[in-house]
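Enquirer: What follows is the residue order along each chain.
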Amino acid sequence: MAKSAWPEANRRKQIGARIARHDGPPKATGAARYAYDMNPKGMLFAKMLQCPHGHAKVISVDASAAEAMPGVAMVLVEKDKDGEFPATTFDGAIIATVAATTEEIAEEALSAIEVEYEMREVITNDREHGLVSGRAAETGDAATVMDGAEVVSEGYYGLPTITHCCLESHGQVCEFRDGELYIWPSTQNVSGYAGSVRTAADLPNEKIHVDVQYMGGGFGSKFTAGPWGTACVEIAKATGKPVKLMLDRAQELKSAGHRPSNFGTVKIGLKKDGTITGFHSDVWGTNGQGRFAQRAMPYCLKEIPNIYTRSQGIVTNRGSVQAWRAPNHPQAAYLTMSALEDAAAKIGMDALEFLKKNLVFGDVDRKDYWAEELDIAAEMIGYASKAHPRGDKTPGNIKRGIGISFHLWGGKGGASACDLTINPTGTVGAKIGSQDLGVGTRTCIAQVAAETLGIPIDMITVEIGRNSYPASGASGGSTTIGGISTSTRDAATKALNVIMANVAPGLNVAPDKLEAWDGRIQEIGNPSNGLSWQDACKSLGQMALTKQGSNPTEDGTELTTADVGGVQMAEVSVDIETGIVTMENFVAVQDIGLIINEKLAESQVHGAMIMGVTWALYEECVYDATTGKMLNPDMEFYQLATLGDIGNFQVKLMDGEKYQSRGVIGIGEPPAISPGAAIGNAVANAIGVRVPELPLTPDRVLQALNEGGMV
Amino acid sequence: MKDFEYANPTSVKAAVDLLSDSWGNTEVLAGGTDLITSMKQGLTEPTRLVSLKNIKKLQGISKKKGTLQIGAATTLSALAANGDVQQHFPALVTAIEGIGSAQMINVGTAGGDLFQRPRCWYFRQGYGLLGVYEGKSLIPEGDNRYHAIFGNAGPAYYVNPSSLAPALIALGASVSVVGDGGEREIKVADLHTTPSNTGQREFSIEPNEIAVAITIPMNGLKNATYEIRQRRGLDWPLVTASVAFKAGSIVSGTNVVLGHVAPVPWRSSAASAALNGKFVNAAAAAAAGEAATRGAAPLSKNGYKVQQVKVAVKRAILAANA
Amino acid sequence: MSGKTHVQTTINGEHTDFLCEPRQSLLEVLRDVVGLTGTKEGCNDGNCGACTVILDGRIVTACLVLGVEAEGAEITTIEGIASGGILHPIQQAFLENAALQCGVCTPGFILASKALLDENPNPTEHEIRFWLANNLCRCTGYDKIVRAVLDAAATMQEV
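Protein chains in written order, with our numbering: chain A, 2 to 712; chain B, 69 to 390; chain C, 341 to 499.
No lab work stands behind these hints: they were computed from the structure.
Each residue gets a CB set at the ideal place from its N, CA and C atoms; glycine is no exception.
Some hints could be false.
Here are some, though not all, of the chain C residues that point toward chain B, as calculated from beta-carbon distances under 8 Å [what the hints assert, rightly or not]:
| no. | residue |
| --- | --- |
| 1 | ARG398 |
| 2 | THR401 |
| 3 | LEU406 |
| 4 | VAL408 |
| 5 | LEU435 |
Cross-link-like lysine-lysine pairs, in silico, DSSO-like; alpha carbons within 30 Å at most [to be verified]:
| no. | chain 1 | residue 1 | chain 2 | residue 2 |
| --- | --- | --- | --- | --- |
| 6 | B | LYS131 | B | LYS314 |
| 7 | A | LYS58 | B | LYS204 |
| 8 | A | LYS42 | B | LYS70 |
| 9 | A | LYS80 | A | LYS268 |
| 10 | A | LYS303 | A | LYS368 |
| 11 | C | LYS344 | A | LYS42 |
| 12 | A | LYS514 | A | LYS548 |
| 13 | B | LYS108 | A | LYS58 |
| 14 | A | LYS242 | B | LYS108 |
| 15 | C | LYS344 | B | LYS70 |
Please build the complete structure, drawing on both the sequences and the hints.
Expert: And the structure:
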């Protein structure tokens, strides 16, 4: 019998290949239809009225004028479980939803709704510690943590709240037909989505049909239907018409999810030789009204002998949090890695040497990987010839510097099931209730199935994006690739074993002495004793064969594991007269398990690095302190890096038996962790002073230069 | 967006006749890159939109009596691609390229650039041009990182957003406007005003006047623009400086105009005076940059702009002389 | 108030008439009236470039153009780039270079790239970066987009 274990390196044709994505042509021609491209006949357009104040109580809502407008089908006023108006604790809280025959009418109806608010005190400031306290979490002994240190390095660091800014906003189109709900959402959770609209639909999951063929970015923010999704369902149910409700850009940025801020002080105790003796962090941040959780500090170097950490949430009138690509890791990395390079600078030690020396305190599973990756990254960026002590001493206004960071992530495949069907003609279909956020899910499923069955990839048809297919977990935590590749491999292996059992007698060998290779089922190593794949499939007779595979596998074969690390080095130039930071070179070395598609894996790393450049240099949710109004809910002032801003990228995926033997591991998130720290460190190395808070905008850079007496 | 009547007259006179004599009732649609967004946001809700698209007279660039005449509806990309503009007015080309968007300059017009509304985020979020909430401007104590460091004693704190105005003012340009009383000429330097209350607009033209052409004297001034912007794509400058001067063994007739630092394009007579009579070199340029900051009164979060003014002026002078 | 206006255009080489309200943007018209949903909405205020189309030979963001202003115009959308089921070299280069992931920014990038190569068949990397600087991507990698445009330029020169 064929085994579900991954094939040896010399037995791989598809896995690891650089295959162009199968969803490419529809996306490049405009044929791909996303949630907001769905226009069922008779559809109503729904728009939401959001609270324009940072903090208010709704006293009354008068929607009668809106309801009376021609073309308005329904106004749904938001109420909580007790029938009360819900608290509006941030700019963008939903007050009401209008559905009308055109977008324009819906919009006009919104302005006809009269809402009476009672204003409440607004707090948006999350930079000052202890303004409003949540519960503090504390570990270690602050009094003794620096005992034995010969030098103590201390710094303040911070990252503001940012948002996901998916290019396709949140929302959905839905329709009730024959008592069942059909729904086209933008979600990263096809199989689980029905659960979040079940109550609004008043239907069991099996009567809710979710269809997501394409979706335009989630980054952690699109696991559930959200209040707009449930409103959309309620309106469709009440009116009996299809309804489209997509957030506009301002709503998207205000209310569809934020990444929590982190601010705090970090102290590092050292011996003069650079050995770390103690670590002290006191960090706070906000998750709007939600509970704040900080990633355990110090990041990566958790074996430092003496650690004290404190973290505290601040409740603010800011939008609430959704998981943001590698939740809480980027913040912990920024605070830790900045403090580490500051400590190295304080004792005049080279940052790379300092980090390598202290890797002894690193995560036991990863420290050897990091050591190797630090050397590779250093080579790639030309560290030996470019590195200099903190502060570029060359004359002129342009200063260059290099910064380093490293990170860790899990990435083990999530739960997934795959139905793999072999047709008597030899064509193959795979169905998984997963989704493609852009990773290339379809392509990877086809590669694994083709590899397992030893047939060309164009014989595989992949169907995903429907919850009628075997359930697969949400795409979060970099769990998709491990999950879908395992379930596909498992299903294909099971199906192959049936074919092999069918044809083995005719070939006079035991089924476990057969292999699927080069479009044939043959005796292992003996192509002359075998038959073509198509002929082998004729053994199925009239009936197609369907087998289900899963992750985890039933027999316990581990095809996916966790725990990856990576190193990033950034080289920047800074104009110290204007404060403008320019990305020059950015290197990512990322370990990964068995690579299914190198081209697509590289794309994930590139995307993560760009997102990283963006939050390092530009992104920040800006609120007015008096009114609690978000001042930049647009892409004009909520800025993303453009093509001209990113400099040169180099990506190295660690490969070879040592890595491949770990099985498949997802890496959508880990390369998004280090950019802020690496770029922040590069700026400090260039200009000689730390710019404590991201993003590294000219005002912050010039202020740090001024305070550091550098200009 | 509120519904409106769309008019596309073929003559300037017909267009003027279609305009209301009070602001906001009607709006002039040129490229629309600002107006369409403003209407979507409900910042202006005209009952009639008067499109300039079909008025041929407003298009084109021509030389006339020692000046360059630019039709007000000429697109910014056509302006930047014009040979005379490239040869004589690099300050304008830099300002247009600095917009960082082929899409915007293909549609945006020279006239539209001058009459676009400020980008102040308090204005854009519905607090009016003066950023007023409960009788008081939110801006002095609010997030004023992109606001004015000159001319900001109140009640206006926003900055003029025009890309072209600083360069045009430095070059001594004027605008011909046509209203129901006929045509008149306004110096670009006098085009922008600072409102003292929320009902006013920030222009010296009447609501029913239309800019038809921009006239730039072609008198051989060396000129350049230097913009400090964070992104190398579509982005607003933090500070810009446009300079023009008569080159000789020593400089004369200097005009230094700053953008994005005040509610109007900010003419720095101190910087101009500092350069006049000097040889252009790094020291003289730096001294002019230093002089340009005189009188700056930064708000709580925009002190960095003072430093950037210094640099922008210095670099613009050196670029003009290069 | 003003009802609907009859507008005549040529879209992707075909004479196309539509009725629209003056307040409808060309983006809404293309997507909701004409049914060409390949043109994407990202920000709806001109900043992201997702709705880039070619209007009379020049790229514009369709969200900032009123439908009524397109009277008499020739418009190319993403649906008009491939011909007869054969991908345009730019589309092919985007696929081969993995220059797309979620795909929402892709139509805008491809149209901006096409307008660039129509005007300047042999652009430098610097020119590409400038020309595409009003097109934002949140998930792929701009680097790969630049490579794709360079590759497409090379391919188109060979033909």
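Enquirer: Taking the hints in turn, state whether each one holds.
Expert: Hints and how they fare:
| no. | hint | verdict |
| --- | --- | --- |
| 1 | ARG398 | 4 Å, holds |
| 2 | THR401 | 5 Å, holds |
| 3 | LEU406 | 7 Å, holds |
| 4 | VAL408 | 5 Å, holds |
| 5 | LEU435 | 24 Å, violated |
| 6 | B:LYS131 / B:LYS314 | 21 Å, holds |
| 7 | A:LYS58 / B:LYS204 | 23 Å, holds |
| 8 | A:LYS42 / B:LYS70 | 26 Å, holds |
| 9 | A:LYS80 / A:LYS268 | 47 Å, violated |
| 10 | A:LYS303 / A:LYS368 | 11 Å, holds |
| 11 | C:LYS344 / A:LYS42 | 21 Å, holds |
| 12 | A:LYS514 / A:LYS548 | 21 Å, holds |
| 13 | B:LYS108 / A:LYS58 | 27 Å, holds |
| 14 | A:LYS242 / B:LYS108 | 27 Å, holds |
| 15 | C:LYS344 / B:LYS70 | 14 Å, holds |
Of the numbered hints stated above, those contradicted by the structure are hints 5, 9, listed in ascending order.
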